[in-house]
Amino acid sequence: MDLFAVVFYLFAILIIGSATLMVFSKNIVHSAFALMFTLGGLAVFYALLYAGFVAVTQLLVYVGGILVLILFGVMLTTQGYFEKVKTRTVNLVPATIFTAIVGVLLISVFVSTDWTLAPLRDGESTMTALGELLMTDFMLPFQVAGVLLLLAMIGAVLMASRTRTPKSPGSSYGSPVSSPDSPDSSSQSPDSSSAGEESHKT
Amino acid sequence: MLEFLESVMPAGPMAVFVFSIIPLMIILLYALFAIWMERKVAGHIQDRLGPMRVGGWHGWAQTIADLLKMIQKEDIVPAKADRFFFKMAPFIAFGASYGAFVAIPLSSGYIGSMIDVGVFYIVAITSLLSISIIMAGWASNNKWSLLGAMRTAAQTVSYEVPTIATILSVVLVTGTLNLMEVTELQSGNSFLGFLPNWMIFHSPFMVIAFVIFFVAVLAESHRVPFDLPESESELVGGYQTEYSGMRWGLFMLTEYADMLLLSLVTVTLFFGGWNSPFGPFLDGPFWGAFWMLLKGMIVVFVMMWLRWTLPRLRVDQLMNLCWKYLIPLSFVNLVLIALWEMIF
Chain A
18 MDLFAVVFYL FAILIIGSAT LMVFSKNIVH SAFALMFTLG GLAVFYALLY AGFVAVTQLL
78 VYVGGILVLI LFGVMLTTQG YFEKVKTRTV NLVPATIFTA IVGVLLISVF VSTDWTLAPL
138 RDGESTMTAL GELLMTDFML PFQVAGVLLL LAMIGAVLMA SRTRTPKSPG SSYGSPVSSP
198 DSPDSSSQSP DSSSAGEESH KT
Chain B
39 MLEFLESVMP AGPMAVFVFS IIPLMIILLY ALFAIWMERK VAGHIQDRLG PMRVGGWHGW
99 AQTIADLLKM IQKEDIVPAK ADRFFFKMAP FIAFGASYGA FVAIPLSSGY IGSMIDVGVF
159 YIVAITSLLS ISIIMAGWAS NNKWSLLGAM RTAAQTVSYE VPTIATILSV VLVTGTLNLM
219 EVTELQSGNS FLGFLPNWMI FHSPFMVIAF VIFFVAVLAE SHRVPFDLPE SESELVGGYQ
279 TEYSGMRWGL FMLTEYADML LLSLVTVTLF FGGWNSPFGP FLDGPFWGAF WMLLKGMIVV
339 FVMMWLRWTL PRLRVDQLMN LCWKYLIPLS FVNLVLIALW EMIF
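So the sequences go chain by chain: A and B.
Plus 17 on top of the position in the first sequence (first one is 1) and you've got this note's numbering.
Plus 38 on top of the position in the second sequence (first one is 1) and you've got this note's numbering.
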């Protein structure tokens, strides 16, 4: 067994294990941290296939960006800082049926497809080629994706400013991101919410 | 470097091991020195002497004594903490910081890996640092820790934008992300003849880019005036409140390793990396490492100097500075540098 195979199987176990943990954990924050290992393990897989750019993008966008936002969101929406966010199992029967159908489909595709292994190619600079392709052949999709992201950003700013103004007129805390430290959001949450949380559990 | 080690060592894996442990040795020695230096700098700025007794000459052994004390301390995990994540967080933090050293050219003869994504990889892997801080803050089950963690999340995500925009303006000029190639492009003298061909002397806009980058880097490494995640006077200790003994020591080591890392990235991007400031004089792989570390230590000194000079920002000031000033300025600057490149 060479080093490649050792690394592959090590991270395959890590990915599957953490993904399982993510799905079955009752605590949302645990799920989020488990997701970190899944995404990081996938980045290692890309790096193993000499797709350096994809690996780094995976790390930067998913682990550094989206996961931090998920954690931030979970912690901010928690009613009271020390109530553990629990999830419940809902829609047991439809979810099982749907998962079974998707599972059967995936496995049948995996078995029926004739997989061909492409040889690994080392030492090519993928960055330059990728950049040139994005700026020539795939200019339109690239620009459309950029415009889409810009629209999403403007929308987010608009939503944030709209919910902000009626709640606290004349508040000096400018950005919504700083709200965990502002006295109004932290003082109102614990008692008003813990009662609601308990009734929700029972 | 790796070929040389492979020819000396009896086994291949051993050579790889030695090769990959070189930055760790540098970090550990540097951390011992830098903590002592921080105390000395703090002392002299405040008109004190700092540690003077341990070891004899200007208290040089103070950090070693502190380290020995720290190793003996009990490893306390709070009863209501999330044990697994609480214990794991310091290791992820240091791993993220150490992993970034792979793409740093320590001299013309040493770089961990010649990956073509280079500086992009450094930005990506250091984002694991903020996750580990969130993990530490959340798992401690303590108000102060969690507040520190939240601030980290907001701060790091925000300041990543100006960092990347200014890195992009350097990349625009060099045309490569690999820091070794970036450094090689900065050797020799510039068109003025006497100044070295460093990126900072490239154009006036590059100076602005450097200032933005340095401010953003200070915020990313949670140094004063941006040390809100662990501000001891308002949040006790932030995310590291509940940590003690060697786990706290690992966070401390991570902080100093991160400082060195970001200083070295600053040096590589703007100050010629391992290039000698005197052209071909005192050049070569060994002197390259000397210049690299010397320049890095100068940037580290500036960071310490700022720490004992400036007061801490408030959270809203921090966010205002980033979103209202640094981000627009860095994007305008990026366009201006692109124009400069087109014209000259």
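Think of the hints as simulated: they come from the structure by calculation, not from any bench.
Treat the hints loosely; a few may be bogus.
Below are the SDA-like pairs computed for lysine to any residue, each with C-alpha atoms no more than 25 Å apart in a straight line [said to hold, decoys possible]: (1) B/K111 x B/L348; (2) B/K111 x B/Q84; (3) B/K111 x B/F123; (4) B/K181 x B/A119; (5) B/K181 x A/L166; (6) B/K111 x B/M75; (7) B/K362 x A/L38; (8) A/K43 x B/K111; (9) B/K125 x A/M176; (10) B/K125 x A/F41; (11) B/K362 x A/L168; (12) B/K125 x A/L38; (13) B/K362 x A/V78; (14) B/K181 x B/G93; (15) B/K125 x A/F54; (16) B/K125 x A/A177; (17) B/K362 x A/I33; (18) B/K125 x A/I33; (19) B/K181 x A/V91.
The following residues of chain A were derived to be distant from chain B, with all beta-carbon distances above 10 Å [to be verified]: (20) I30; (21) M53; (22) L76; (23) L77; (24) L84; (25) F89; (26) T113; (27) F127; (28) M144.
Owing to the predicted nature of the structure, the values given are computational and were not obtained by experimental measurement.
Every residue gets a Cβ at the ideal spot worked out from N, C-alpha and C, and that includes glycine.
Hints violated by the structure (numbers, ascending): Violated hints: 1, 2, 5, 7, 8, 9, 14, 16, 17, 21, 22, 23, 24, 25 and 28; rest satisfied.
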